[in-house]
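Visitor: Chain by chain, the residues run as shown.
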Amino acid sequence: MLINILKSIRNNSGTISLTDLSKEFNIEISLVEQMLNTLERSGKLIEIKIEGTENCTSCEECPILNNCSLTDIFQEKRYQLT
Amino acid sequence: MKKSLRIALAGNPNAGKSTIFNALTGDDQHVGNWPGKTVEVKTGYFQIDDLKVEITDLPGTYSLSSFSPEEEIARNFLIQEKPDLVINVVDASNLERNLYLTLQVLETHVPTLILLNMNDVAERRGLTLNTKLLSEKLGGVEIIQMTANKNFSGDELKRKIIATAGTQNDLHLEYPKPITEIIDQLVPVIRQEAGLKIYDPTHLAVQLLEGDRHLIDDISLEAKNTFSKILGKSQENFEEDISIAIADHRYKIIQGITEKVISRKKGDVSFSDRVDNFVTNKFFGIPIFFVTMYIVFQLVQNVSAPYLDWIDGVFTGPLTHWATTFLIWVNAPDWVSSLIVDGVLAGVGGILVFLPGLFMMYLLLAILEQSGYMARAAFVMDRFMNKARLHGKSFIPMILGFGCNVPAIYATRTIKKPEARILTSLLIPFMSCSARLPVYLIFGMAFFPDKSNIVIFSLYLLGILVAASIGIILSRTLFRGETLSIMVMELPPYRLPTLSSILKYAKNQSSKFVKNAGTIIVVFSTILWLLLNLPWGVQNARDSYFGQVSNSIAPILAPAGFGTWEASGSLVTGLVAKEIVVSTFAQIYHIPQEEIAESDLGLGLEFKEIAVGFGEATILAGKETLEVFTPGITLFPDEELREDIGLSKALRSSFTPLSAYAFLVFVLLYVPCAATMGAQKQEFGWKWMTVSIAITLIVPWILSVLVFQGGTLLGLG
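Keeping their order, the protein sequence lines are chains D and U. In terms of the working numbering, the first sequence has 57 at position 57, counting the first letter as 1, and numbering is strictly consecutive. In terms of the working numbering, the second sequence has 360 at position 360, counting the first letter as 1, and numbering is strictly consecutive.
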């Protein structure tokens, strides 16, 4: 099932929502979340965060991002294929 | 029999562990940190008969890998400390998700008791659980069904804990053959290694295959090499990683269990799902997003317009009058009076009139976000971005660009590939930052009084379309080879926003705007006033140094329909900050103070006029807001026409509606402010900053000329 979810993400031509995956595989959305989390652990997906994974430390330490007008909205999780 | 027991509470975050921990231990708790970690550990005690029980509340985790410090702590405690019992708190309303950790806990073979919590929530969701069958499927593990915050009997649980502690946990997961074969190769090596004697060999083998290599950090080099060989070879037989195959197998088991154990009420589609059928629909999603944004801009315009008139009236009326009176009273020289009234007050007033509009904008954004719609809008736009071949990670910086381009440039640090980072940073200036909104509002109201919301909306849309088009061009030329990335997004359930939090957000953002814009505008208004008055004694602002420089640039902008020194001058000052574009116009077109001085009503009457004006503005804003939600119906037919503010009248003497729109297109797309350019230089160097400046000069010029000349050809001029 996990492998099929990964295939589905890869085969999709654009952004896909957790709801889409939940409907496609007829599983609870919370389980989809858990599976994406597992795929992230295995390095297949990466969660996109406001805080950078490469060059940034955190918003709290960034003098510019503290002035950011939209940092504290858009809190939903986003994943990207690695 | 033992006189003391050590037990652990394990479970997913928000499964209700803390409530159970508090109920079992009461006040007998100790809070500290795990050795070497910043993760909090809570230990508590309770006594039953002559048995002392120590409970450790493990951090909430979704699994027992060592992906995070919390998970590492939970895993180490279970497999190294070997408690007498682990109480696995499971959220019954979310069984599928919780069972992953449960399976991992059972695989450690530590005696386990499952506390099936939140049964009331499960019931409300139409879920019925067969706990007897669940226990069978999980190797006969003891299960207690309860709801921690209702009818919870701590004593009953305590007795169950004593009875279950030390009992054997018999679950043995049967992995598929290719995985079992590798486990069988690893187990003998684990058994031989003295340092690994504390672990269950099969469990450790599975942990190693899942990539959890920290557990073998301190073993002999020979054993390490053997492990590496086996683990290296193990990947060959799997389509994906072996860790994925193991996780996949656990999910299959979970699915098999939940299919049999959970009964669901049929046809129970959630409210969020029903709404999402339309809102994120492939065909309706984008039109719904556009209609929503249209309503947002309509509200911004309708609510801000009455207040705009009021603030403008206060600045050009009583405030200017008081300042003038005070300056005369202190015998201030003429140049000081001119600097304060024509410079600072005109400049600051010119921008503060837009504060209600920005407040409304932030308020609506907060409502959209908290209601859960913004995630849907982002989802719909993500699809669009992907079609434009933009990097998936570009999304967040570009959205941030709508607030302010500067943090957006820094936010590109989240993008790993340098080419994708640079490409995104080149597109960010096309995202219309909030500082440009006042320019749209003043021009919209002056030239398109009934349709300014459509004008503003079209500008935001144009910015996105231009960014997408330039993105496509650059990704196929300068940044060739950048692959398209696919994204997966969470869509939270819809919820009712709370008034206090949306007001707080709007207030914070508006304060930031006033603080940032206010500081820069006071300084720059002073400089601009000086430039408009040099050489000293100049009678016509056009002959000032500022006027002369602006006039020399004006011919370049003539094909776009706004080849006046006032327009080019405001664009030049806008390079410092976009807020200054409006304040520059306000200073250039400032109404002479003699005219204002005539409107002397006396201090008391002026205060009364300010208060009455505010009340009238509030009533009018309320009426106009109501009209937004009753399209096609005129609720207040006798409403007076709004009075023009002075700046609107002055602008109409220099622009036509067509040239005004071309000007707005230029403002939307032209070179970002100095701070954004500085950020680009700092992040990518002079070369890319120069490329960005070149793009943001050429593109807006071409488009504004196209708008003006095209419109003229079509007879719109």
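Hints should not be assumed to be uniformly reliable.
Some but not every residue of chain D turned toward chain U, in silico, with C-beta under 10 Å [unchecked claim]:
(1) Leu2
(2) Ile16
(3) Ser17
(4) Lys23
(5) Leu31
(6) Glu33
(7) Leu39
Worth flagging that the hints you see were computed from the coordinates, not collected in a lab. As the structure is a computational prediction, the values presented were derived from the model and not from experiment. Even for Gly, the Cβ is constructed at its ideal location relative to N, Cα and C.
Visitor: Against chain U, run the beta carbon of Glu33/D and see if the smallest gap drops under 10 Å.
Guide: This hint holds: Glu33/D lies near chain U, its Cβ roughly 7 Å from the closest one there, short of 10 Å.
Visitor: So, Leu31/D near chain U? Judge it on the closest CB pair being under 10 Å.
Guide: holds, 4 Å
Visitor: If you take the shortest Cβ to Cβ gap from Ser17/D to chain U, is it below 10 Å?
Guide: OK, holds: Ser17/D within 10 Å of chain U, min 5 Å.
Visitor: A closest beta-carbon separation below 10 Å is what the hint needs, so does Leu2/D meet it against chain U?
Guide: Result: holds, 4 Å to nearest chain U Cβ.
Visitor: Under 10 Å is the threshold here; is the Cβ of Lys23/D close enough to any Cβ of chain U for the hint to stand?
Guide: Interface hint status for Lys23/D: holds (9 Å vs cutoff 10 Å).
Visitor: Using Cβ atoms only, decide whether Ile16/D comes closer than 10 Å to chain U, and label the hint accordingly.
Guide: holds, 5 Å
Visitor: Does the interface hint hold: is Leu39/D within less than 10 Å of chain U, judged Cβ to Cβ?
Guide: This hint holds: Leu39/D lies near chain U, its Cβ roughly 7 Å from the closest one there, short of 10 Å.
In summary, the structure agrees with every hint in the numbered list given earlier.
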